[in-house]
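Engineer: Given next are the chains, with one letter for each unit.
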Amino acid sequence: MQHVSAVREPLVTGGKTYHDVTQDVCRQVEAKPNVRWMAALSVALFLFGVFLYSVYRTLWYGIGEWGLNKTVGWAWDITNFVWWVGIGHAGTLISAVLLLFRQKWRTSINRAAEAMTIFAVICAAMFPVLHMGRPWLAFWVLPFQNTFGSLWVNFNSPLLWDVFAISTYFSVSLVFWYTGLIPDFATIRDRAKGPIARRAYALLSFGWTGSAKHWSRYETVSLILAGVSTPLVLSVHTIVSMDFATSVVPGWHTTIFPPYFVAGAIFSGFAMVLTLMLITRVVFKLEDYITLEHIALMNKIMMITGSIVGVAYITEFFIAWYSQVEFEQYAFINRATGPYWWAYWSMMTCNVITPQLVWIRKVRYSIPLTFLLSIIVNIGMWFERFVIIVTSLHRDYLPSSWAMFSPTRIDVGIYLGTIGLFFTLFLLFAKFFPVINMAEVKSVLKYGVDNGPTYVAGHDHHASVQHSATPGVPASAPVNYNKHD
Amino acid sequence: MTKRFALGIFDDEDVLLHAIDNIRAAGVKIHDVFTPFPVHGIDDALGIERSRLPIAAFFFGLCGTSFALWMQIYMLGFDWPMIIGGKPHIALPAFIPVTFELTVLFCAWGMMITFFTICGLYPRWKVPVLDVRSTDDKFVMAIDLNNGAVDMNHLRQLLRDNGASEVNEKEMTQK
Chain V
937 MQHVSAVREP LVTGGKTYHD VTQDVCRQVE AKPNVRWMAA LSVALFLFGV FLYSVYRTLW
997 YGIGEWGLNK TVGWAWDITN FVWWVGIGHA GTLISAVLLL FRQKWRTSIN RAAEAMTIFA
1057 VICAAMFPVL HMGRPWLAFW VLPFQNTFGS LWVNFNSPLL WDVFAISTYF SVSLVFWYTG
1117 LIPDFATIRD RAKGPIARRA YALLSFGWTG SAKHWSRYET VSLILAGVST PLVLSVHTIV
1177 SMDFATSVVP GWHTTIFPPY FVAGAIFSGF AMVLTLMLIT RVVFKLEDYI TLEHIALMNK
1237 IMMITGSIVG VAYITEFFIA WYSQVEFEQY AFINRATGPY WWAYWSMMTC NVITPQLVWI
1297 RKVRYSIPLT FLLSIIVNIG MWFERFVIIV TSLHRDYLPS SWAMFSPTRI DVGIYLGTIG
1357 LFFTLFLLFA KFFPVINMAE VKSVLKYGVD NGPTYVAGHD HHASVQHSAT PGVPASAPVN
1417 YNKHD
Chain X
25 MTKRFALGIF DDEDVLLHAI DNIRAAGVKI HDVFTPFPVH GIDDALGIER SRLPIAAFFF
85 GLCGTSFALW MQIYMLGFDW PMIIGGKPHI ALPAFIPVTF ELTVLFCAWG MMITFFTICG
145 LYPRWKVPVL DVRSTDDKFV MAIDLNNGAV DMNHLRQLLR DNGASEVNEK EMTQK
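Those protein sequences? They're chains V and X, same order as listed.
First residue of the first sequence: 937, per our numbering; consecutive thereafter.
First residue of the second sequence: 25, per our numbering; consecutive thereafter.
Note that these hints are calculated values from the structure, not bench results.
None of the values given here were measured: they were computed from a predicted structure.
Ideal Cβ positions, reconstructed from N, Cα and C, are used throughout, including at glycine.
Treat the hints with care, since some could be wrong.
Heads up, simulated SDA-like pairs for lysine to any residue below, C-alpha to C-alpha not over 20 Å straight-line [stated by the list, open to error]:
| id | chain 1 | residue 1 | chain 2 | residue 2 |
| --- | --- | --- | --- | --- |
| 1 | V | Lys1129 | X | Lys150 |
| 2 | V | Lys1149 | X | Asp56 |
| 3 | V | Lys1149 | X | Arg74 |
| 4 | X | Lys150 | V | Ala1136 |
| 5 | X | Lys150 | V | Arg1134 |
| 6 | X | Lys111 | V | Ala1181 |
| 7 | V | Lys1149 | X | Phe29 |
| 8 | X | Lys27 | X | Met136 |
| 9 | X | Lys111 | V | Ser1183 |
Derived Cβ-Cβ restraints for the label pairs, each shown as a range [what the hints assert, rightly or not]:
| id | chain 1 | residue 1 | chain 2 | residue 2 | range |
| --- | --- | --- | --- | --- | --- |
| 10 | X | Thr26 | V | Pro1167 | 48 to 54 Å |
| 11 | V | Arg1297 | X | Thr138 | 43 to 49 Å |
| 12 | V | Lys1236 | X | Glu190 | 20 to 26 Å |
Work out the full structure: start from the sequences and follow the hints.
Structural biologist: Have a look at this one:
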C-alpha cells in the first residue's frame, strides 16, 4: 500500500510502545479533574453565563438590543457566524483531506481538530438563529408543508443553501468524528475500574471489540466518509461566500469569493487548531505526540492559505480598478481610507504580513512565536469578515442613508459568550474523551522508526518465527515484511 | 450458548501476520483476530473479502441526489410555482447546492447505519471481550475449540512456535 522509508522522521517521539500510547492518552480521562482544568472551566462557564444573559436580552427585548441599523442590517452577527464556520474548516481538512492525501501526521491532531469543528459550528449556528428574532420559528427554514398552505422555502436563495450546507456539515462531521471515537471508547472501557465508567464507555463504544473484519469495514467507511467530506467542506464555505457574492452590493459581487473564502477558512481554522493544540499538548503532557514537526507543518499550511488570502485582497483591488465600475471602486477606496480604515489595515497586517514570518525556520519551530502568530491570525480573520460586511454596507448607493455601525454590550456579550460556549464544550471533551486518536496513532507508531519490531517487546518472538520448527514452514523462511506493506 | 476459544496473544503486528499465514497453512481455522488498531495486510492474511460498502455508498448517494432533485422540482415547479427573480420555475443550476448537500448527507448517514448494522454494533451496557488487552497493546488470535477438531496441546505449541507470547483458553457466553 505505501512505502515507508527509513529516512523519514518518526511521527511520535520518545520511543513509545503501544501501551505507552494508551497510558498517555487515557491518563487525563481516568484521573480526577485537576485544579487548572477546573479553573479554565470556570472561566469558560462564566463567559457562557454572559452568553445566556445576552441571549435573554436579545429574545426578551428583541433585535433592537443589537447595534444594527437600517443601513447596516448585518454586522457582528454575520461576522461572527462566518468567523466560527471558517474556524471549523480546519478540522475537516485535517481529518478528511489529509486522510485522502495520506498525510500520516494528521493522526495526532485529527481528533481534537474535528471536535473543534463540531463546537465551532454549534457556535456559528447561534448567530443566524438569534438574528431571526423569533428563534422558536427557526424550523421555518426547512421545507415542510406548513399550516398556511403548501408554500415552500425558496430553493434559489443562497441563504437557504446555507441552511442545508451548515446542517449537513454539522451532522456529517459529527458522524465521522464519532466513528473514529468508537475504538478509543472501547480502549477506555476495557481499562475502566469503576462500574459507572465501564458502563458509560461500554455504551459509548457501541460494543466495539476490534475484530479484524470490523476494522476492515471501518477503514472502508472512513475512506468513504473522508471522500464525501472533502467536497463537502469546500462546498460549505463556497456557499457561505455566495451569501455575499450572489448579491449586487459593491465589494461583495465578486467571482473570486468562493476560493477566497475557502482559503480564508482553512487559514483561520489552522490558526485556531494551533492555539488549541499548543495549550493541549502542554496541559496534558502530550509533547511526544504533538511534536514541533506537527507545529511546523501546520504553520506551513497557515502560511500558504494566508498567502492565497493576501493575493485575493490584492486581486479585489485590481479588479475594482480594472472594472471601471465607480461604485465598486468607491467601496474599496472606502475600505482602505474611509472611517473603517483601522479595521482594514488591522486585517491587512494580521493576515498578509504576519503569516509571511513563517518562512523563517526559527519562527516555524518556536512555540511562543507560533502561539502569538495564531492569535494574531484569529484576530485578523475576524477583522476580514468585519471589513467585508460592514464597509460594504455602511455606505450604500444613497449617501443620505449612509451610517456607521457600533456594537452594543449585547453584541459583544454574545460574541464573548460563544467563545465561552466553545471552550466549555472543548474542555469537557478534553476531560472525558480521548483527545488523541489512540488507534490511529498506534498504527503509525513504527513510521520512521527502523523497519521491523526492533523496539517493542515482540523482538525475541520475531526471532522465533525465523527459526520456526513448525511443519510446513521452512525453518529459514525469510520474514518478508514488504508483502504486507 | 457457551463457546470455548484458544487465544494466542501476540505483541507485534508483523509477528501476528506471519503467524496467521503459518497457522492457516497448518490447517487450523482462525475464528477471529482482535487488534488495537487496523493492521494492514490482515484482510489478505485472514482471507477477508474486499468490502462491498463502496457500492452501497454510491447508491445511498444516488438516493440523496434523486430525493433532492425530486423535492425541489416538485415543490417549486409543480406544487406551488412561484416566479422568483424572473427565473424559470425549475431553475436547475440554482438547485445544485442543495442537491449536492443532500447527496453527501444521505451517503454519510447511510454508510454509518449500514456499518453499524452489518457489524452488529449498537449501544449496550456490557461488552464481552475475550481479552481486554486487545484494545490496548495486544493482538489476540481466537481459535474455536468447540468442534473438537483441534488438539489444544498441538495448538499451544503451534501458537508458541509462531511467536505468541501467551496462549490462553477462554469460555465465552454468546447469544
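Engineer: Please go over all the hints and tell whether each is borne out by the structure.
Structural biologist: Status of the hints after comparison with the structure:
Of the supplied pair hints, the one linking V:Lys1129 and X:Lys150 holds, its CA atoms being roughly 14 Å apart against a limit of 20 Å. Between the alpha carbons of V:Lys1149 and X:Asp56 the distance comes to roughly 8 Å, so the proposed pair stays at or under 20 Å and holds. For the hint pairing V:Lys1149 with X:Arg74, the CA-to-CA distance comes to about 10 Å; that is within 20 Å, so the pair holds. Straight-line distance between C-alpha atoms of X:Lys150 and V:Ala1136 comes to about 9 Å, which keeps the hinted pair within the 20 Å bound.
A hinted pair counts as satisfied when its Cα atoms are at most 20 Å apart, and X:Lys150 with V:Arg1134 qualifies at roughly 8 Å. Annotation: proposed proximity of X:Lys111 to V:Ala1181 holds, straight-line Cα distance about 18 Å (limit 20 Å). The straight-line distance between the Cα atoms of V:Lys1149 and X:Phe29 is roughly 18 Å, inside the 20 Å bound, and the hint therefore holds. A hinted pair counts as satisfied when its Cα atoms are at most 20 Å apart, and X:Lys27 with X:Met136 does not qualify at roughly 30 Å.
Of the pairs offered as hints, the one joining X:Lys111 and V:Ser1183 holds, with about 15 Å between alpha carbons and a cut-off of 20 Å not exceeded. Hint check: X:Thr26 to V:Pro1167, Cβ distance near 49 Å, so the stated range 48 to 54 Å holds. Judged by the Cβ atoms, the range 43 to 49 Å given for V:Arg1297 and X:Thr138 holds: they are separated by roughly 47 Å. Checked against the hint of 20 to 26 Å, the pair V:Lys1236 and X:Glu190 fails, with Cβ atoms roughly 45 Å apart.
Checked against the numbered hints above, the structure breaks hints 8 and 12 and satisfies the rest.
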